[in-house]
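K.L.:
Now for the letters of each chain:
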Amino acid sequence: MSPSVPLQEMIRAIRSARTQCEERGVIQRECAAIRAQFRQTDNGGRSHNLAKLLYVHMLGYPAHFGQMECVRMIASPRYSEKRVGYLGAMMLLDEKQDASLLITNSIKNDLSHSNQYVQSLALCTLACMGSAEMCRDLAPEIDRLLRSSNSYIKKKAALCAVHIVRKVHDLGELFVPSARSLLSEKNHGVLHGAVVLITELCERSPETLERFRKTVPDLVQIMKGLVISGYSPDHDVAGVSDPFLQVRILRLLRILGRNNEAASDAMNDLLAQVATNTDSTKTVGNAVLYETVLTVLDIKSESGLRVLAVNILGRFLLNNDRNIRYIAMTSLQKIVSTDHNAVQRHRGTIVDCLKDQDASVKRRALELSLALVSASNIRSMMKELLIFLSSCPPELRAQAASGIFNAAERYAPSKRWHIDTILHVLTTAGGDVRDETVPNLIQLITNTSELHCYTVHKLYRALFTDISQQPLVQVACWCIGEYGDLLLKGECQETEAVQVTEDDVLDALEIVLQSHMSTPTTRGFALTATMKLSTRITDNVDRIRSIVSIYGSCIDVELQQRAVEYNALFKKYDHMRAAVLERMPVIQKNSLGQTNGELSEEPMKESQPGKVKQEETALPPQPAGQVVDLLDLLGGSQEPLQPGSSVGGSASTQLTAAPSSAGGDLLDLLGGFEPTPLAPAPTVTVYEKNGVTLTLSCEQQSESGLTVTLTASNSTDSDISGFTLQAAVPKSVQLQMRAPSRDSLPAHGGAKLTQLVVLNNPNKVNLKMRIRVSYTCQGSVVQDMVQVDSFPGL
Amino acid sequence: MLRFILRFLLLFNRQGKLRLQKWFVPTSDRERKKVIRDMIMLVLPRQPRTCNFLRWKDLKIVYKRYASLYFCAGLEEQDNELLALEVLHRYVELLDKYFGNVCELDIIFNFEKAYFILDEFLMGGEVLETSKFAVNVSMEQADTLQEMMGVCCRI
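Quick note, the sequences are listed as chains A and B, same order. Everything in the first sequence is counted per UniProt numbering, starting at 1 for the first residue and increasing by one. Everything in the second sequence is counted per UniProt numbering, starting at 1 for the first residue and increasing by one.
Simulated pairs of lysine-lysine, DSS-like, Cα-Cα distance not exceeding 30 Å:
| id | chain 1 | residue 1 | chain 2 | residue 2 |
| --- | --- | --- | --- | --- |
| 1 | A | K96 | B | K34 |
| 2 | B | K64 | A | K362 |
| 3 | B | K60 | A | K96 |
Since the hints were derived computationally from the structure, they do not count as laboratory data.
With the rest of the complex left out, here is chain A (with noise of 0.2 Å):
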């Protein structure tokens, strides 16, 4: 075996190699020879080895091999060897290693050794890598070194019995009353420690926060003779005294004066010295500042200080530090729906902030920007975030898009203003956009029946511009679609109209078809579109006829089924043809969005906020583009429940008031509260419209066990198929659907159909069922809803 080389020559040696392989190389021989020095015993060079490994190890090398090797330096006598050991047992080992069990007896004679720089080694260790089970066993003695006259181990026990707390927030008591000594330290090292101790204990535990409050007198003079105390060069950065130092003070008492009155008062005038006398030229002025603003903020300051402290931050937005101007905006952000109109006076500095070169912060400066939109500054605000859209860096592009069309939502001075809004977004950043704003945007225009005529017009002309904007490209052909005769005939009160003939619009139909770059989906917008302008023109009819022909061979599944079924429209049933392509009605915001978030197709067994905030927000129905719902009427199919007179009303405004809450609980809020009449005989009748009835008996099975059986029949003079019910139940109640014994009811009452339901009702609640009933007859599809709020027999 080679002799070593010492560490340096190694370290060379390795940066010398030309080639990773090459370094591979070297790094293995060393391993080799260092493997085999550990074997042997004690000579001189063994710390220069364990540091090779060590080096090794930064390089990425694998080095466990090394951990029993630290566990024996660690218990040498001599300094120079420990000082190695405990190095790499901080690099190598961590708590889930079996070999860190063994330095603990280590560590414990250590700390009472007699010279203070082996018990820092040790105290050092413990705070890196201590495990649980350590701390708990060496927390005494680290107590005890708290109470030691030496600042230097003072100082490192502090830090030490945090990492403690840390690990074992019980041991948080043992440590409450060195802690509170310490505060009368001078050495600003021990002071620190001191601060950063209590910090953490009165963080873990509200008992202890409430005895350390009477120390803020105590922390508002220590800080009172940093503030204003002569140059000290020790502690001195930049003009500023011990920075370090004022910042934890100043987090302390963050802490202290939360939710509190009386300590936010006592440290009332401190906080304004300390704003007004920082300076604030340097970065460690302002960082100083900062922690006084995020103090101020927090406790329960007076308003002249908070308008102090947003100021600050107002100053920092006009920075040239860009870290400084980054700082400002991220505690704005913070502060924005708090102090509303404190941070509305610095609108203008902010908006500027768009503009800067660095993507974080324009990243801080568009969430900002957003979030000040308000009623009264719509318009400037819109033009210049739609300034900034059309500039910005890819990655804020969806961002950027979806604030803007929250904002022109809430505070859209005019449906026209609204209207432009939205399509400027969708010409200028067009692929950015999510999803749901293709039918956000086809409803409201449908809504805005006194602007169809103008929006037509401009989505006619912005589809010439630019065919490759697919949101823009699809609304524009639902919108030629539902609109063309407005096109057509030529005039227009808000803007200039387009003399077209109805060639050219179906000129511009068939360019979307064609085109390369449409998607599927924009397809489909446009074939329907096609369709829809046969009832709405007069000439081309056959135009549109031989263009629907075509497409009933097109590879596009989707786009071949529209295809065949307009033909279909146009042979089998020309009759119906002008019924169904008429123009859509005006759409329900309010009754579509409830219907979708009350309906459940399994038992609402766990909340489900999300899925009903979603549905909500995008209030939207099918669009017209998918064809298939055309027969499915909107709001003819579904009606909403109305279940108690009294309780009802108070249940869809709660729905739509809190959506978070209302996924799971929609059932318990509903008819919670009438009295539930006992119902003398076992079958009841739940309901009976059309000549389809529904009758429900139950039985007890068990305490909480309940069987339901639900009997269906129908009396007209037509079969019905595809006979499905579904049933909710309140959250609690466990439900299990039987499958039922048939799923077609024949005419006249030929058979019925049955359907067990097994319920678990543990903690016994107010049993309601909620059944949705589902059929086809006649060809058309029925679907209802009933609610059961009584079961016989119970």
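Starting from the known structure of chain A, arrange chain B on it as the hints suggest.
P.N.:
Okay, now just chain B, sitting in the frame of chain A:
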């Protein structure tokens, strides 16, 4: 509600070679490698004169370039980034005082000293000693003790 000021401190050069790694939270080897990789990928492409703060997962990353070395620290959500910059700067000053006009080579060939200095300045992710002189004095005395190579007397 854990509130470490620092989760980790990394030093690496423009070629992505790691020169120092200090972890203030228990982190497995695999996680460490991942963090190192991510930090290098996040920080190296940054343009000069951009913001020194980044967001990564749930952490704030503060970095500063000194000559050929990047000093990169990971902070908790509630921490004061400006102060973290000061912490990094203070460490550089300490290294500078100890090595005299410190450069990357010093940290390569004397990496264990760099760690020892760090351990006199930070502990458990918190600032341990706020005075530059005190740190230097401790280092000198500890070095003297080491050079003596003597057997320390036990109690």
